[in-house]
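Trainee: Here's the letter readout for the chains.
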Amino acid sequence: MPDERDEFAIRHVASLARLRLSPDEESLYGRQLADILSFARRVLDVDTTGVDAPRPAGAPTLPLRDDAVRPSLEANCALDQAPAAGRGDGLFRVPRVIG
Amino acid sequence: MTLAGPWTAAAIRAAVGRGDVSASEMCRAALARIDAANPQASAFLATAGALALDRAAALDREPGRSARGPLAGVPIAIKDNICTAGLPTTAGSRMLDGYVPPYSATAVARLERAGAIVIGKTNCDEFAMGSSNEHSAFGATRNPWDVTRTPGGSSGGSAAAVAARMVPVALGSDTGGSVRQPAGFCGVVGVRPTYGRVSRYGLLSFASSMDQIGPLSRTVADAALVLEAMAGRDDRDATSSDEPVPEWSSHLTGDVRGARVGIPRAWLGDGVDADVRRAVDGAIDVLRQRGAAMVDVELPHASTAVPVYYIVATAEASSNLARYDGVRYGHRTSVHESLREMYERSRDEGFGAEVKRRIMLGTFVLSAGYYDAFYAKAQLVRRLITADLDAALDTCDVLLMPTSPSVAFRLGERIDDPLRMYLADVFTVGASLAGLPAMSIPCGFGAGGLPVGLQLIGRRFDEATLFRLGDGYERDTRWHEARPAGVCAESMDWL
Chain A
1 MPDERDEFAI RHVASLARLR LSPDEESLYG RQLADILSFA RRVLDVDTTG
51 VDAPRPAGAP TLPLRDDAVR PSLEANCALD QAPAAGRGDG LFRVPRVIG
Chain B
1001 MTLAGPWTAA AIRAAVGRGD VSASEMCRAA LARIDAANPQ ASAFLATAGA
1051 LALDRAAALD REPGRSARGP LAGVPIAIKD NICTAGLPTT AGSRMLDGYV
1101 PPYSATAVAR LERAGAIVIG KTNCDEFAMG SSNEHSAFGA TRNPWDVTRT
1151 PGGSSGGSAA AVAARMVPVA LGSDTGGSVR QPAGFCGVVG VRPTYGRVSR
1201 YGLLSFASSM DQIGPLSRTV ADAALVLEAM AGRDDRDATS SDEPVPEWSS
1251 HLTGDVRGAR VGIPRAWLGD GVDADVRRAV DGAIDVLRQR GAAMVDVELP
1301 HASTAVPVYY IVATAEASSN LARYDGVRYG HRTSVHESLR EMYERSRDEG
1351 FGAEVKRRIM LGTFVLSAGY YDAFYAKAQL VRRLITADLD AALDTCDVLL
1401 MPTSPSVAFR LGERIDDPLR MYLADVFTVG ASLAGLPAMS IPCGFGAGGL
1451 PVGLQLIGRR FDEATLFRLG DGYERDTRWH EARPAGVCAE SMDWL
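In the order they appear, the protein sequences are chains A and B. Note that the working numbering has the first sequence beginning at 1, numbered continuously upward. Note that the working numbering has the second sequence beginning at 1001, numbered continuously upward.
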């Protein structure tokens, strides 16, 4: 596996995370994250031969509830939280997606 | 009237039940105390004011005082990443500045049903990511024992509010130690319940496989009282357990005879400050004299817990925080040409530095080419850490260690060095990764007169043993009665 000190491309990762960073932030976070990853690499050296894939901690089984319609948050109440919404249409508003 | 203390939740419930004091009087006293002490500690981001007084008055109007529930009239503070209908819930983030949720978390609703009065919302590191409260977008909470120091985090506001006698009990959330570490730094009790014990419905998600809501209080009995009122299965959280919830608070006898306490000595050598070690050694003697037996245990993979935690937790955070996109709630940028730009600018403007770091770290360890190397591998090592803890708990009833390797550090001391901040979570992240219950209790004072926390880790769903040992220890010590002179110096009718 490649060394992340070479590979850690802060701009690419920020883009995947939908974050827009300033050049100063790119430099600072790039350095800090490379340090943190360098420390995290000690995990890679642990012998995990024969260890089973994980399951969620705690709950041994996840019970399913009945697939029944139940009351939930009322639509206008949800729209009230939105930065931009068309209440009458029951829609969240976003910038134009299709040209 | 004079409200001479000490006002634990148990004492308030009894006094309100007897009619010695009304819920309204307790509520007014708590609000006055917050007015007096909060300017120094910055523990609260919002108080419930009229809402709380209305609720207290309604409680006072109900007939049959003793039938009003196990927390009747008890003022409680709620960490600001837990939803409270009608009260702001920001999680310490600019992203949610001004957000008022239309519903309450199940834990909050259950406490209110038990008669508790939500008195306000407490400061925290943004989205619960941090160990110092300095990552709150609204400024850091200060440690009531020394206001130049951090209260710990991320539930630092809740810990400071209890330590400074603003409220008898508070809720925090613990992902990697966020209840226990601030409890230790502020000299109060903090409990991380077993994963699944308390519903996460209404808790803003950070790392869903580890997030748990837990109580902070001055006494172990109060922590038990709060936990039993909010624990149990909830249809709105598929990971909540239907394990029966015992009435822990009514079974505290102080008897710890026969309890086996495991001490991972090899792990407690280097890296623990001498003052912390002295306090923990003193606690071991107290428990031994009370009849508990000490046994040595080994945790071979303990040194990998911090890196594993920061890989798993950030991966889950990067996924959970994708919901903050400026569309359905939260901050939206005013400058955007396209949907993509709206997402990016909204998130850039809304999130602080630590949240961005963790989202990017998590995005990286989940990304193509690195998923198997980091995330999948960390999950395998997590199994080994869990197996170590389970094996140790086969030979003893609880594990004992410090909550943190040092007392509270200075504000600003570690803010530019995130890795150093992470390393201080060394004793708390293990129980989080394994889903085990754990508790921090005050066990003395170290350098600068700052509190030291003792951590006990129990078997899954065996909070009973944690409470039994913690309560027994408390009966032989007075650490939990000490109060921070600086913030509590003025004449107090609320203690």
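Treat each hint with caution, since some may be false.
Calculated Cβ distances over 10 Å to all of chain B for the following chain A residues [stated by the list, open to error]:
hint, residue
1, Ile10
2, Ala17
3, Asp52
4, Asp80
5, Ala82
6, Gly86
Computed cross-link-like contacts, DMTMM-like style, restricted to lysine to aspartate or glutamate with a CA-CA straight-line distance of at most 25 Å [as the list claims (entries may be wrong)]:
hint, chain 1, residue 1, chain 2, residue 2
7, B, Lys1356, B, Asp1097
8, B, Lys1356, A, Asp66
9, B, Lys1356, B, Asp1394
10, B, Lys1356, B, Glu1341
11, B, Lys1356, A, Asp24
12, B, Lys1356, B, Asp1285
13, B, Lys1356, B, Asp1390
14, B, Lys1356, A, Asp89
15, B, Lys1356, A, Glu25
16, B, Lys1356, B, Asp1372
17, B, Lys1356, B, Glu1337
18, B, Lys1356, B, Asp1416
Heads up, incomplete: computed chain A residues facing chain B, CB under 7 Å, no partners named [claimed, not checked]:
hint, residue
19, Leu16
20, Gln32
21, Leu33
22, Pro83
23, Leu91
24, Phe92
25, Ile98
Honestly, the hints are just simulated from the structure, not real lab data. The beta carbon of each residue, even a glycine, is placed where N, CA and C say it ideally should be.
Trainee: Can you list which hints this structure breaks, lowest number first?
Mentor: 1, 2, 3, 4, 5, 8, 9, 12, 13, 14, 23, 25
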